[in-house]
Amino acid sequence: MKDIKETFSSPINKNNPITVQMLGICSALAVTSKLEPSIVMGIALTAVVAFSNVILSLLRNTIPNRIRIIVQLVIVAALVTIVNEILKAYAYDVSKQLSVFVGLIITNCIVMGRLEAFALGNKPWPAFVDGVGNGLGYAIILVIVGFFRELLGSGSLFGFQIIPNKIYEWGYENNGLMILPPMAMIIIACIIWIQKSKQS
Amino acid sequence: MNKENNLYTLIYASVLVILVALALTLTSDFLRPRQAKNEAFDKMRQILASLNIPTTHANVQSKYNSAIVETYCVDREGNKVEGTAFEIEVAGELRKPTEERKYPVFEALIDGNKKYVLSLYGAGLWGPIWGFISLDADKNTVYGASFGHEGETPGLGAEIETQDFAQRFQGKQIFDHQGRFKSIAIVKAGKSVQGQDYVDGISGGTITSKGVDAMLHSCMEAYVPFLTKE
Chain D
1 MKDIKETFSS PINKNNPITV QMLGICSALA VTSKLEPSIV MGIALTAVVA FSNVILSLLR
61 NTIPNRIRII VQLVIVAALV TIVNEILKAY AYDVSKQLSV FVGLIITNCI VMGRLEAFAL
121 GNKPWPAFVD GVGNGLGYAI ILVIVGFFRE LLGSGSLFGF QIIPNKIYEW GYENNGLMIL
181 PPMAMIIIAC IIWIQKSKQS
Chain Z
1 MNKENNLYTL IYASVLVILV ALALTLTSDF LRPRQAKNEA FDKMRQILAS LNIPTTHANV
61 QSKYNSAIVE TYCVDREGNK VEGTAFEIEV AGELRKPTEE RKYPVFEALI DGNKKYVLSL
121 YGAGLWGPIW GFISLDADKN TVYGASFGHE GETPGLGAEI ETQDFAQRFQ GKQIFDHQGR
181 FKSIAIVKAG KSVQGQDYVD GISGGTITSK GVDAMLHSCM EAYVPFLTKE
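Respectively, the protein sequence lines represent chains D and Z.
Final position of the first sequence in this note's numbering is 200; the numbers increase by one with none missing.
Final position of the second sequence in this note's numbering is 230; the numbers increase by one with none missing.
Quick caveat, the hints were computed from the structure, so don't treat them as lab data.
All values derive from a computational prediction rather than experimental measurement.
Ideal Cβ placement from N, Cα and C applies to all residues, glycine included.
Hints should not be assumed to be uniformly reliable.
To be verified - BS3-like cross-link-like pairs, simulated, lysine-lysine; straight-line CA separation at most 25 Å:
| hint | chain 1 | residue 1 | chain 2 | residue 2 |
| --- | --- | --- | --- | --- |
| 1 | D | K88 | Z | K63 |
| 2 | Z | K114 | D | K96 |
| 3 | D | K196 | D | K5 |
Said to hold, decoys possible - Here chain Z is said to cover these stretches of chain D; the calculated rule only asks that three of the stretch's residues, wherever they fall, bring their Cβ under 8 Å from a Cβ of chain Z:
| hint | region |
| --- | --- |
| 4 | 14 to 26 |
| 5 | 57 to 64 |
| 6 | 69 to 75 |
| 7 | 117 to 126 |
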């Protein structure tokens, strides 16, 4: 039981895929200019990691070692395609904003990393928990970054204006740099900084 | 059983792929109608955006029905021909021989004034770009525009999608004083061009801007016979 808890919580904080393992940075920079796509991307990745972990874990004793990676890729690609189709049907606007980045989950190192490092050697339930934990660890960082980028870059959250007009009249301006990917890098770096200084 | 022998590997791979293909087909079949509806709504939103009508997902259908009064297709000579304008994909038409091409026209009535919405399609830096441009009743002055793209660089080429860029076209004229078709040029910010109307391009999105320039010219040119017809 303790192991399961550890499996779940470790990737969220002390073994976070983005801030500690430095995986999946590319999409974290690209989709976080607004809060909503950040959340959807987080959910999409969580679903893909969790279910591919379970499927791979169920198949782990049958997979011929030589085509191990190919099998993983096929399953991940299939899941990503399904997620993409579902987004197109039920969240069309967000899927347009995410464009290629949902498809690029296939190449997200977090997914393949978890399959190789965990799912192939563990039972389905721990594999599922590990997948959800890692997905959430990724999602949390995206949401934090998305929150600050949308708030400071566009003055809004979920597309609704948060910063009152009064403050703009006093001379406040939205920071255009926040919208651009480099700022996501800097915010992620700040999160890493805070996390590291707390841990040491 | 030996998992590493060739036969097992082959069978394993085949079964896996067939199962995956089946799952994907079922998903796609099941979700297709919903996706098609979303795509149609999205197209309506873009058409309405070119008429400067903001929409939400909920009201797009009703706003479309009330604003667009007539749709039809025109051929290379500007004559009306058979076909449902809304279902015509300009991308597909451009692959046909010139004589067989159909160009969709959407007629709208805004505050009692007639507007013509024309469909555009071209190439950006990474993939296709498209758009709609609406003209006033004089079939010359631009009333509004909207652009879309598949995968232009966010923050650079992708800026063509913004309202800010589309609004630059308002009031520009596509014919010169002698009535010759000139299109609207896209130039580097601060530059100008003689003999035709122009708007500023996207800085950092030069190739996408050039794509929009070429798209405007080639697609609107195809409408010229229709636009100059009495």
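Structure-based check of each hint:
1. Restraint check: the Cα-Cα separation between D/K88 and Z/K63 comes to about 23 Å, which is no more than 25 Å; the hinted pair holds.
2. Taken as a hint, the Z/K114 and D/K96 pair is broken in the structure, with Cα atoms around 31 Å apart against an allowance of 25 Å.
3. Straight-line distance between C-alpha atoms of D/K196 and D/K5 comes to about 22 Å, which keeps the hinted pair within the 25 Å bound.
4. A stretch counts as covered by a chain when three or more of its residues have a beta carbon under 8 Å from one of that chain; for the region 14 to 26 of chain D and chain Z the count is 0, and the coverage is violated.
5. Coverage of the region 57 to 64 of chain D by chain Z holds. Counting CB-CB distances below 8 Å, 3 residues qualify, and the rule asks for three or more.
6. Coverage of the region 69 to 75 of chain D by chain Z holds [criterion: at least 3 residues with CB-CB distance below 8 Å; count 4].
7. Only residues whose beta carbon comes within less than 8 Å of a beta carbon in chain Z count, and the region 117 to 126 of chain D has 0; fewer than three means the coverage is violated.
Of the numbered hints listed earlier, those contradicted by the structure are 2, 4 and 7.
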